[in-house]
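All chains, please: the whole structure from these sequences, using the hints.
Listed here are the chains, written in short residue letters.
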Amino acid sequence: MEVFKYNQPIIGFMANAKKFAILSLSLVIISLGLLFFKGLNYGIDFAGGTVIQVKYKGNAPIQKIRDILHQHKSYKNANVTYFGSNSDIAIKTKTTSKDVNVDISDQMNTLLKDTGEYEIRGVDMVGPAVGNELRTQGLMAMVLSILGILAYISFRFEWRFALASVLALVHDVTISLGALALFQIDVNLPILAAILTILGYSLNDTVIVFDRIREGIRTIKTTNLSDVIDESVTRTLSRTTLTSLTTFFVVLTLYLFGGELLKGFSFTLLVGVVVGTYSSIFVASPILMWLKFSISEFRAKEAEKLKREKERERMRAMYEQGTI
Amino acid sequence: MNKLNYRVVVFLFAFLFGIIFSIPSLTQSSEGKKITLGLDLQGGLHMLLSVKSEVAVESKVKSIGTTIKYKLDDEDIIFDDLKIENKSVKFELLDKDDLKKLTKILKDDFKDINIKQEGLKFTLTLNNKLIDETKKNAIKQAVDTIRNRLNMFGLAEPTVAKQGVDKILVEVPGIKTQADEQRIRELIAKAAHLQMMAVDEDRDARVSTMNKAEAKQYGDIILTDVSNPKQRYLLHSIPILDGSMLVDAKVGYDRQNNQPLINFKLNGQGAKIFGDFSGKSVGKRMAIVLDNKVYSAPVIRERIGGGSGQISGNFTPQEAHDIAIALRSGALLAPVQVEEKRSVGPSLGADSIRASMIALIIGFLSVVVFMFIYYGMAGVIADIALIANLFLILAIMSLFEATLTLPGMAGIVLTVGMAVDANVIINERIRELLHAGNSITKSIEQGYNNAFTAIWDANVTTLIAAVVLFAYGTGPIKGFSLTISIGILASMLTAILGTHGIYQWILPKIDKNRLDFWFGIKGAK
Numbered sequence: 001m002e003v004f005k006y007n008q009p010i011i012g013f014m015a016n017a018k019k020f021a022i023l024s025l026s027l028v029i030i031s032l033g034l035l036f037f038k039g040l041n042y043g044i045d046f047a048g049g050t051v052i053q054v055k056y057k058g059n060a061p062i063q064k065i066r067d068i069l070h071q072h073k074s075y076k077n078a079n080v081t082y083f084g085s086n087s088d089i090a091i092k093t094k095t096t097s098k099d100v101n102v103d104i105s106d107q108m109n110t111l112l113k114d115t116g117e118y119e120i121r122g123v124d125m126v127g128p129a130v131g132n133e134l135r136t137q138g139l140m141a142m143v144l145s146i147l148g149i150l151a152y153i154s155f156r157f158e159w160r161f162a163l164a165s166v167l168a169l170v171h172d173v174t175i176s177l178g179a180l181a182l183f184q185i186d187v188n189l190p191i192l193a194a195i196l197t198i199l200g201y202s203l204n205d206t207v208i209v210f211d212r213i214r215e216g217i218r219t220i221k222t223t224n225l226s227d228v229i230d231e232s233v234t235r236t237l238s239r240t241t242l243t244s245l246t247t248f249f250v251v252l253t254l255y256l257f258g259g260e261l262l263k264g265f266s267f268t269l270l271v272g273v274v275v276g277t278y279s280s281i282f283v284a285s286p287i288l289m290w291l292k293f294s295i296s297e298f299r300a301k302e303a304e305k306l307k308r309e310k311e312r313e314r315m316r317a318m319y320e321q322g323t324i
Numbered sequence: 325m326n327k328l329n330y331r332v333v334v335f336l337f338a339f340l341f342g343i344i345f346s347i348p349s350l351t352q353s354s355e356g357k358k359i360t361l362g363l364d365l366q367g368g369l370h371m372l373l374s375v376k377s378e379v380a381v382e383s384k385v386k387s388i389g390t391t392i393k394y395k396l397d398d399e400d401i402i403f404d405d406l407k408i409e410n411k412s413v414k415f416e417l418l419d420k421d422d423l424k425k426l427t428k429i430l431k432d433d434f435k436d437i438n439i440k441q442e443g444l445k446f447t448l449t450l451n452n453k454l455i456d457e458t459k460k461n462a463i464k465q466a467v468d469t470i471r472n473r474l475n476m477f478g479l480a481e482p483t484v485a486k487q488g489v490d491k492i493l494v495e496v497p498g499i500k501t502q503a504d505e506q507r508i509r510e511l512i513a514k515a516a517h518l519q520m521m522a523v524d525e526d527r528d529a530r531v532s533t534m535n536k537a538e539a540k541q542y543g544d545i546i547l548t549d550v551s552n553p554k555q556r557y558l559l560h561s562i563p564i565l566d567g568s569m570l571v572d573a574k575v576g577y578d579r580q581n582n583q584p585l586i587n588f589k590l591n592g593q594g595a596k597i598f599g600d601f602s603g604k605s606v607g608k609r610m611a612i613v614l615d616n617k618v619y620s621a622p623v624i625r626e627r628i629g630g631g632s633g634q635i636s637g638n639f640t641p642q643e644a645h646d647i648a649i650a651l652r653s654g655a656l657l658a659p660v661q662v663e664e665k666r667s668v669g670p671s672l673g674a675d676s677i678r679a680s681m682i683a684l685i686i687g688f689l690s691v692v693v694f695m696f697i698y699y700g701m702a703g704v705i706a707d708i709a710l711i712a713n714l715f716l717i718l719a720i721m722s723l724f725e726a727t728l729t730l731p732g733m734a735g736i737v738l739t740v741g742m743a744v745d746a747n748v749i750i751n752e753r754i755r756e757l758l759h760a761g762n763s764i765t766k767s768i769e770q771g772y773n774n775a776f777t778a779i780w781d782a783n784v785t786t787l788i789a790a791v792v793l794f795a796y797g798t799g800p801i802k803g804f805s806l807t808i809s810i811g812i813l814a815s816m817l818t819a820i821l822g823t824h825g826i827y828q829w830i831l832p833k834i835d836k837n838r839l840d841f842w843f844g845i846k847g848a849k
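Residue numbers (my numbering), protein chains in the order written: chain A, 1 to 324; chain B, 325 to 849.
Accuracy of the hints is not assured; some may be wrong.
Said to hold, decoys possible - Restricting the straight-line Cα-Cα distance to at most 25 Å, the calculated cross-link-like pairs of lysine to any residue (SDA-like) are:
(1) A:K305 - B:N774
(2) A:K92 - B:K407
(3) B:K460 - A:D99
(4) B:K393 - B:K420
(5) B:K357 - B:F724
(6) B:K486 - A:T136
(7) B:K608 - B:T640
(8) A:K57 - A:L252
(9) B:K376 - B:G603
(10) A:K98 - B:K491
(11) B:K766 - A:G216
(12) A:K263 - B:Q366
(13) B:K460 - B:K445
(14) A:K92 - B:Q366
(15) A:K292 - A:L182
(16) B:K407 - B:Q366
(17) A:K263 - B:I677
(18) A:K307 - B:N773
No wet-lab data here; the hints were simulated from the structure.
Dropping the structure here:
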């Protein structure tokens, strides 16, 4: 089966680059606005607090639970929601307890004892100090991986490629975070893992397009960068769509069947896969153009490099033959 | 078919290796190295504790007070006003002639301690080095003690490890009920600080009306009875001896009422102090104090030699068992606090396993079917590599006895989606070359060549993100980055080398008139 024909006419992506730039910019600005005004909904991993998961036999009497908890002074602001089904609920509160012997689930048992037949399935408690530490570590991880990637791409390609791919990355991460803020998803450690996966994945996509552009620069005769980009992107379009589709399928199954605990994680990835694919075609490549990457300069440098290598080889050959 | 080439041989070995070493994990057999399930999948208790090491410093000061008292009594030096104030021990000599003896004792037995003398008044304080040492020691001792206690409790494979400067990570898998969890938490937190304290017989009659401040003036402390909080005792705040001299503690039963109690035994030094004290104090009461609660305060009838004693209270057999464990493994020099706690019930863990397995199977099948429909036999070859990849991930994790967490499962699912990427790139390249009119052999060889740099660069960048995540992540997140990393590395072997080898091996079978069947394309020459 072939969706994209091999002789697929070259699509004029770069001619429309400005339109996509406007789209991207407005998405980024909306996301920043969401992050700024609505803010991320930090879960207990980063903000500290307690989450208790309770499973009821039959439907959970959620209103009754709320009423009981809101009367208690420690749980006045507790947030009670369904968790995946009508019989599961999650109770979230800012309350934490440092005392090893005082457990919130014991207190819950006293409070909830008349609400029906239930089982406390899990308790997560993170103290505020640990939350802060995890947040710093998370930020550190993000910055370090971006730096590492920047260094690697500069080494393998050229600084303009590195900068373009990192700008595309920032674009992807900002929009993914914006989506998290929009839907007020609890940001916990798995979300951080998802964001870092998006970093890697989006880059993966960008690198493959860039690899083709790099190849195009060497093999396509024109020195007009936008033509080279158009041809290279068109040639990788099939691959980009297919891989994104397989990954999207898999993440979608994770979202649909992976259970409530992985919902936030897989949602972030779903957004990331779509945005990452889009950005490698419509964001990273035009930036390369706007950074005034010059094909003739690049070719001259490559030729220079090749010449030096040949020279070195010649010297080595002479040396080995004993001429020097 | 061609002769076996090195690529396909390596691939087959890797496949075989993957199957063999993942068997113990898949069958959960008792032999061989296998993957352990993380606490989030098998259920259990995860706690990050911090140690209040300041308290250890305070009790160090107290124990200096105890030693001073014992030494001075032993040498018949008369003193007064022995008390602990502002983390220092203070006392006053009554007889100037004892000064020489005292100086010798202080010089011999109190080396790392700052001694301030004003006339006959002495103030002993810890120096910074000793404070540091005491704090460090308290943390190390807390790790050892908690580990001992959990090991003695009899649950399978608890983990207790120091984390960072002053934190302790405790992981206890396999807890079935909330009551069990509570018992374990109590066992961990129990100070198990055993003290023998003399009752202040001169003033005890007035204890019901006395407040803390007044008691402190006399160098006394008010403690309550363990089973009757209204019953108060006035005790000399500096104990006769403490649990550090304990060598054994066992559960026994009272002969009269068959109540569980705890028999303990003191070491030689403890036995001597105990004997001396009881000899001098016949007719007076001595309180047995555990964690600042008085368990009993019997009247001493005669000198007690041999250094054994009993703690009785209204224990259940379980309580007695846990207290004996705590006493045997030693007191916690400093109390611990919970910084982070995650407890997962076994049913929640089982649900997570089921959900992520379903996602894995559905995700896997949809990718496998998709690849076959889109690429024909080339897709099947990629699918074989994908299966080998899954086995390899499991095998490598088994060999490292790695822990599989829920995010780790998600990582495996994600790897399924990303590992076929290499084959998509390769197959697209091969198709392009075939369309351009190249021979099958040339298309395959050239296709792999063209695809390689892209796959390599893409994988390295993903790997960078995964490694950083591993370095900065904790627990479950580490599991995620681990599976992703192993998946990427394994896919280099299976998806690139393995499939290339298979093509070379079956090359003569590939019919150039059936490119639709082999590569899913029509219209190429």
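Hints versus structure:
no. : hint            : in the structure
1   : A:K305 - B:N774 : 21 Å, holds
2   : A:K92 - B:K407  : 48 Å, violated
3   : B:K460 - A:D99  : 22 Å, holds
4   : B:K393 - B:K420 : 18 Å, holds
5   : B:K357 - B:F724 : 8 Å, holds
6   : B:K486 - A:T136 : 21 Å, holds
7   : B:K608 - B:T640 : 30 Å, violated
8   : A:K57 - A:L252  : 29 Å, violated
9   : B:K376 - B:G603 : 38 Å, violated
10  : A:K98 - B:K491  : 13 Å, holds
11  : B:K766 - A:G216 : 20 Å, holds
12  : A:K263 - B:Q366 : 20 Å, holds
13  : B:K460 - B:K445 : 31 Å, violated
14  : A:K92 - B:Q366  : 23 Å, holds
15  : A:K292 - A:L182 : 36 Å, violated
16  : B:K407 - B:Q366 : 52 Å, violated
17  : A:K263 - B:I677 : 15 Å, holds
18  : A:K307 - B:N773 : 23 Å, holds
In summary, the numbered hints that this structure violates are 2, 7, 8, 9, 13, 15, 16.
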